[in-house]
Amino acid sequence: MSPDVAENSPQSPVSPADSTWECFDVDLSDGVAHVRLNRPEAYNSMVPAFWTELPAIVEGLDAAGTTRVMVLSSTGKHFSAGMDLAVFTEGGLGGASGVSEQGRRNAGLWLMVQHLQRSFTALANARFPVLAAVQGGCIGGAVDMVAAADCRYGTEDSFVCIQEINIAMTADVGTLQRLGRLVPEGVAREWAYTGDRIPAGRVREVGFFNETFADHEALVAGVLEIARRIAAQSPLAIWGTKEAISYARDHSTADALHQMAGWQSGMFQPGDMMEAFTAKGEKRAPVFEGLPPLPGAR
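Residue numbers (my numbering): 18 to 315.
Calculated from the structure, these hints are not laboratory results.
Be careful, since some hints might not be right.
[Stated by the list, open to error] Quick list of simulated restraints, FRET-style, between CB atoms:
no., residue 1, residue 2, range
1, Ala141, Gly212, 20 to 26 Å
2, Gly212, Leu126, 21 to 27 Å
3, Gln131, Glu222, 53 to 59 Å
4, Gly298, Glu76, 23 to 29 Å
5, Glu173, Arg246, 35 to 41 Å
6, Glu39, Glu260, 30 to 36 Å
7, Trp127, Ala278, 35 to 41 Å
8, Ala271, Ser117, 50 to 56 Å
9, Asp213, Ala271, 35 to 41 Å
10, Trp127, Lys300, 25 to 31 Å
11, Ala302, Ala185, 30 to 36 Å
12, Ala278, Glu58, 49 to 55 Å
13, Ala261, Ala124, 46 to 52 Å
14, Glu39, Gly218, 20 to 26 Å
Don't be surprised by glycine CBs; every beta carbon is placed ideally from N, CA and C.
With the hints as extra help, turn the sequences into a complete structure.
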């Protein structure tokens, strides 16, 4: 990564990297945010704190405007075992603790499920791409999480499992809504109906993983290298590209072209393009300004 990128990506004084998290470690370097799940002794299961920390980290990085790409990786034997039992047993899914009337208890659960969903939707809504690096098991809620990322990579010995069906539950935090757009619908249905462990080779074959790597060390190094290549591009152009791909996925081609025309009429400015051409002519890395902070960002 050229040091020129770092010069235009100053770390925010209230960056998530400056905070202590129960479930994550966060590093920022040259426009790349590396967010790691850090509870390996518990297979990085998703305790109640996880569901507030993840969106806080992602939204904090996005608000500052200096992050150009995020890598989501993990520690230990498995990427994540999914939802921790504490979320079920400590009132986390009750939603309306202390409420006895059934309708209100049901309403509390409805609100809680949406709270959990928003934790992963933060990845999809971020202005920067999110790259997920999966080692070992990616189980249950972890599949929901990586399905919300832009790209996914795995180790050769990793596997994916939609675990919810194995505990007589319907997956409810994004897998069933996103997976069928990432792999053939029949494949998504098979995985969701059977709860089988799907080995990395098959996961890559159907396109859920972009690529597989020999081991965890090679995985993280390889994904960080991809992240650096993305971070070297114009962050405004990358944001527009993510917006266009996401919009086109959920709309007709005609609507998506209309959206693109509107985006381009406001966001397409000659500055970054001229810098790209100038840098190429001068045989140097281009220097691009970061994204504007979001309103209200400190």
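Each hint, compared with the structure:
1. Ala141 with Gly212: 20 to 26 Å: At 25 Å between Cβs, range holds.
2. Gly212 with Leu126: 21 to 27 Å: 23 Å, holds
3. Gln131 with Glu222: 53 to 59 Å: 34 Å, violated
4. Gly298 with Glu76: 23 to 29 Å: The hint (23 to 29 Å, Cβ to Cβ) is violated, given that Gly298 and Glu76 are roughly 38 Å apart.
5. Glu173 with Arg246: 35 to 41 Å: 22 Å, violated
6. Glu39 with Glu260: 30 to 36 Å: 32 Å, holds
7. Trp127 with Ala278: 35 to 41 Å: 38 Å, holds
8. Ala271 with Ser117: 50 to 56 Å: 51 Å, holds
9. Asp213 with Ala271: 35 to 41 Å: 39 Å, holds
10. Trp127 with Lys300: 25 to 31 Å: Given range 25 to 31 Å: violated, Cβ gap about 58 Å.
11. Ala302 with Ala185: 30 to 36 Å: 54 Å, violated
12. Ala278 with Glu58: 49 to 55 Å: At 52 Å between Cβs, range holds.
13. Ala261 with Ala124: 46 to 52 Å: 37 Å, violated
14. Glu39 with Gly218: 20 to 26 Å: 34 Å, violated
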